[in-house]
Amino acid sequence: MKSWYLKNVGLGLVALIMLSGQAAQAAAGDCPTKGVKELTGAGSTFDFPLFSKMFDEYNKLCGVKVNYQSIGSGGGIRQLQEMTVDFGASDGIMTEQQLAQAKGGPVLHVPVTAGAEAVVYNLPGIARGAIKLTPDVLADIYLKKITKWDDQHIKALNPNVSLPNLDIAVVHRSDGSGTTYIFTDYLSKVSKDWSDKVGTATSVNWPGDIGGAGNEGVANQVRQIPGAIGYVELAYAMQNNMPWALVRNKAGTFMPPSLEGAAAAADVQSLPDDMKVMVTNSANQYAYPISGFSWMLIYADQKDAARGDAVAHLAWWMIHDGQKYSKALLYAPLAPAAVQKAESLIRQVKVANKPILAGN
Amino acid sequence: MNGRQDNMIERPAETVAEAALDPLPWKILEPLPRSPSAKAAQASQGTIGDKLFYSVTKCFALFIILLAVLLVFYLFHGSWQAIQRFGWHFLIGTTWDPVAEIFGTLPTIVGTLVKSFLAILIAVPISFASAIFLALYAPRWLRNPLSFLIELLAAIPSVVFGLWGLFVLVPVVRIWQIWLKSHFGWFPLFNGPAVYGVGVLAAGLILAIMITPIITAISRDLLRAVPRSQMEAMLALGATRWEAVWKAVLPYARVGLVGAVVLGLGRAVGETMAVTLVGGNAFKLVTSLFDPVHSMASQIASEFTEATYNLYVSSLIYVGLVLFGITIVLGLLSQLLIWRLSRGQVGILE
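Residue numbers (the numbering used here), protein chains in the order written: chain U, 227 to 586; chain V, 163 to 512.
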């Protein structure tokens, strides 16, 4: 259903652009024609399963092989700064300092997919979705201000659940990760205390308790330790059948983590044109609040005409036809509003000041 | 050389024993002499192969030194920003805050040392006991398969140990810890978060399991290399087997045994993957056996890819420099220990 909808939105948009006349007919859906058969990218590990599938399909379609190294968002940014890859991929926005160090000039953040993070727990006998959490309570748990499951603040939110007198074991990622970036960004937005004491980063100074390496590390600690709470990418929580909490979004609804919730989080009117926005704590009433984009990082000024052409075509394909592979791999497809913004970003990719995809 | 051979020929019927005592043949194996006459002698012999062999070995030996120098240079170069910023306060700082750009690494230094020494504490008695059994007691039918098995264990990659530790060892450790805490919770070392399972104890145990095969295999070879006469003489004097092992065999091999322990310690200090999986990785000073523990190697490995600004990267390399320094200090201490040990008289000669 969803993919049907997406495909049509995609096609519709393409048709619209064609009709509008200002854009390039050559751009949409075409394969690059300038002879580049190989591209390299590096970055986000979160994107890797989706990218593998997308790039495999793209290779079949256009005969362009994309080598993607999933070395983490930070590594991808560094490689992009050094111009050793054609594109980077990151779950976080590049900082001013990082942008200043990029040797190839301005970097475009093109959203390619979105994801949600589940707050998972281990409470014997308490099922998935049975626990409700507000942003304050979640932040206080991670700040170690709330240390017991039968704390009155949690009780007040869950009057019908018999909460055990267990210590809360707070589990976080021990490795630097985009997942942590999204999670801490969310906590910083909803809790002043968190933003003052801890802040937002790929790795922070955690008030407590245990670090797990990777999503699987966190998932494992949570599964093993009674009373544990942690955050993992939605795909891991689904595949491992872990119980997750409902988190209250900005509009006041308790939401389970879902692909639809993540897509909705990115479907707001207020998206900025450069798309450098964390959509955590989204105002959309259907949004799941701990959601975020993952971006493809592309230099606006491409040095090599053929490679620039290939990168722009690849990006274009990824935000349109490529999106149909998202759902099966548990990624949230881009909402129409986001696709539109992404299109205008890709149109800004230039070689020698001439846009690659427009007015071809 | 020429002259020496002539000399050999000239000596008509000297005893074999005397020829064996002649030190000259061994000179060939020593580094090539520098005196011009010897060089000339060599050239005339046409020992290009020898020369080449000497040069090649020398090159590789120097290459290792060059590598070490480059490594130290790079560590200093890479961490310079952090050294300038934090200085030696980095070593006693207990905050690691990438957001506020404050870095100090005392908790990982302590964590690394505590878990490594715990591992040695557990592994050494087991390893020495198995080595003694394998080298001196075990019948052949048992010795060979056991030795093979131990060598096999030594070759298992650490991530396999780590996964096994996470899925099998940690749940068991959790049960022990909860029991220990409920019965001996008054004892400070047992007064920690027992229910986590991951922590100092689990990391120490997994490291002990990893280094036991190494220490055992080396110790066994060392004990087998002790001349049989050492033990036999002791037994002949009426000693029991235990006394013979304790007073004649072990002292004879003690320098090597210390070396074996140091090798094990080296592996424990630098081990990354397994302790990342079972250590708990909390950046806090450990106060009990049950506390989650972070180590220097796993901190570098897990944060390097996402270190987002220069000072952060530089601080991680600084951690690497400190780790390198700790390894060197441990190496020097063991040299000191070996030196002290080898000054004393050996076993049966006392």
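The set of hints was computed from the structure by calculation and includes no laboratory data. Nothing here was measured: the structure is a model prediction, and the numbers come from that model. Check each hint, because a few of them may be wrong.
[As the list claims (entries may be wrong)] Listed below are several chain U residues computed to face chain V (Cβ distance under 8 Å; list not exhaustive):
{"#": "1", "residue": "S403"}
{"#": "2", "residue": "S417"}
{"#": "3", "residue": "T426"}
{"#": "4", "residue": "I451"}
Ideal placement from N, C-alpha and C gives every residue a C-beta, glycine not left out.
Status of the T426/U interface restraint (C-beta, 8 Å, chain V):
7 Å, holds
Next item in the hint list is I451/U. Is there a CB on chain V closer than 8 Å to its CB?
Holds, about 6 Å.
Proposed interface contact between S417/U and chain V, which counts if any beta carbon pair is under 8 Å:
14 Å, violated
Hint S403/U vs chain V: min CB-CB distance below 8 Å?
6 Å, holds
In this structure, the one hint that does not hold is number 2.
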